[in-house]
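Asks: The listed protein sequences derive, respectively, from chains V and G. So the first sequence is numbered by the numbering used here: it starts at 42 and just counts up by one. So the second sequence is numbered by the numbering used here: it starts at 23 and just counts up by one.
In case anyone wonders, no lab produced these hints; they're calculated from the structure. Note that the structure is predicted; figures quoted are calculated from it, not measured.
Cβ pair distances, simulated, as ranges:
#1 ARG158(V) / PHE241(G): 22 to 30 angstroms
#2 PHE241(G) / ALA68(V): 33 to 41 angstroms
#3 ARG193(G) / GLU169(V): 50 to 58 angstroms
#4 LEU184(V) / PHE332(G): 19 to 27 angstroms
#5 ALA38(G) / ARG232(V): 41 to 49 angstroms
Facing chain G, according to a computed beta carbon distance under 7 angstroms, are these residues of chain V, among others:
#6 GLU129
#7 ALA143
#8 GLU145
#9 VAL146
#10 TYR150
For each residue, glycine too, the CB sits at the ideal point set by N, CA and C.
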Amino acid sequence: MSTLEVKSLTKRFGSLVAVRDVSMTVAKGELRAVIGPNGAGKTTFFNLVSGFFAPTSGSILFEGRDVAGFSAHERVGMGMARTFQITEIFPELTVFENVRIAAEVAAGYRLRPWLSRADTAELRRRVEETLALAGLTGKANRLVGELAHGDQRAAEIAMALALKPRLLLLDEPTAGMGDQETYEITQLVRRLHKDGNLTIVLIEHDMRVVFHLADRITVLDQGTFLAEGTPQEIATNDAVQTAYLGKAA
Amino acid sequence: MTPDLQKRAAPWLHVAALAAIWAALIAAPFWMPLFGGYTALGSRVLVLGLAAMSLNFLLGFTGVLSFGHAAWFGLGAYGAGFVLKWAVLSSPVAVIAGTLFGGIVGALLGMLLVRRRGVYFAMVTIAFGQVFYYIAFQWSSVTGGDDGLRGFERQPLDFGAFRVDLLHDDRAFYYFALVCFAIAVTLMAFILRSPFGRTMIAIRENERRARFLGIPIEFHIWAAFSLSCFFMAFAGALYALLNNFADPRVFHYSLSGDFVIMAVMGGMRTFWGPLLGAIVFVVLQDYISSVTVNWMSFIGMLIVLIVLFFPRGILGLVERRTA
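Throw the hints in and build the complete structure from the sequences for me.
Replies: And the structure:
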């Protein structure tokens with residue numbers, strides 16, 4: 042069974058059609074990149090999948106289950122986690138506290154008046170494990186708001202990971218980063234995919250990152266589906282060349 | 023004892039500060055007269071300080087501004103007054119009944135509120151407060167109207183073997199209020215340190231992120247709002263006992279505004295800030311109003327200075343220095 046199956050998804054904002062009749066299927070364990078020029082509807086697509094807003098028509102199946110009736114927070118509970126194009130974190134809390142909140146919610150503790158010592162220790166272990174994975178161990182006690190941009194992005198990914206998702210939606214994880222930071226985030230995503238066997242859908246502008254990471258690529262253009270295939274197929278696809286890569290080159 | 027955000031200072035400093043706060047509160051009836059204070063003023067500080075801390079439980083730790091929290095304070099006050107006047111001659115029963123009355127009504131009306139945000143939320147809370155103000159004002163046969171609810175007195179505490187006369191012994195009432203205050207703020211601190219409390223802080227810090235961590239935002243805001251209403255009504259019930267009287271102004275939006283001022287002035291991102299704000303507010307009010315009727319203009323100037331130069335409030339400034 043595929044992890045994510047999107048069928049003829051459409052979203053209108055008044056007369057603007059942000060996403061028009063887009064379908065795609067993401068297999069379990071796959072890393073899918075969604076690319077396209079600005080205004081292609083990529084972020085709207087993410088917002089529909091994650092429940093930020095409801096589609097005008099079409100359906101979204103997560104692990105075979107229609108998520109239409111589930112609100113954003115319920116979809117997180119089902120195993121979908123996302124990051125945002127503009128980093129969304131808790132700036133006045135430490136890295137550790139940021140990730141701990143995610144881990145507590147994921148463990149179902151959000152209404153608990155207290156935690157046992159064992160629960161607290163287990164939670165701490167899980168948070169430290171996640172921080173180690175994201176390469177943030179040394180910065181656990183720093184305020185997230187004071188970190189460099191790249192570390193803030195890593196912290197946001199760490200929060201998503203602490204939710205123990207089975208589908209991770211990353212919206213431009215390397216946006217606004219220098220070469221070194223881009224490399225580190227790319228390596229992190231690669232580890233999550235290869236070692237963690239996590240299913241990931243990724244929006245990305247940096248083609249080096251896309252071609253380095255993706256198993257398959259979906260190209261959107263002005264809200265519509267343009268092409269889908271392996272990185273090689275996409276690189277040699279004429280339609281994509283004209284619509285997107287052609288302009289960039 | 024206090025939430026995460028405040029634990030960044032060295033642990034010993036934290037313990038020392040807590041010990042100092044409680045020692046000062048416990049010893050207040052003995053040191054206040056040296057500075058021209060009196061015990062009833064201390065009780066007033068405690069009760070209004072508790073109200074400001076209750077408001078700040080929502081404002082400072084969930085990031086939701088209610089401009090009508092006097093409504094729940096007033097319901098607590100009238101609730102306690104009704105019980106003492108017509109039902110049971112017992113101070114604890116009156117306080118508990120007032121707390122439940124204001125808390126439950128607040129929780130029910132809160133359901134209508136949680137989808138509103140920011141200014142809209144604040145406006146609706148003001149409206150609720152004013153509705154209760156006019157009910158108390160107009161329904162004279164029950165509430166005493168503009169004259170207020172009179173004809174009740176706080177009752178002695180009866181422990182069987184001995185009785186504590188709260189009515190004539192100001193110190194006894196101060197310590198009764200202090201015990202109530204201690205119970206309420208301990209509970210608040212406990213909640214803020216719990217996983218639920220951390221979801222409140224998460225919502226304050228970034229609502230969108232919190233939602234996409236799987237937190238049902240509306241429910242958590244409602245829960246925080248409701249808890250805040252119960253604490254507020256508790257303070258209001260104590261206020262009725264403090265004055266042996268309740269009048270419609272306890273519902274008025276100007277009192278709600280006073281609570282917001284206390285919280286902001288003291289430091290709304292800090293746990294104890296609102297108490298400090300209440301001390302400054304109540305003491306200045308008491309002192310300046312004995313000199314001039316225009317006391318509010320002096321408080322106003324002070325607020326302007328604090329907001330301009332210490333936007334994190336008085337305690338916010340101190341904590342930043344020590345952190």
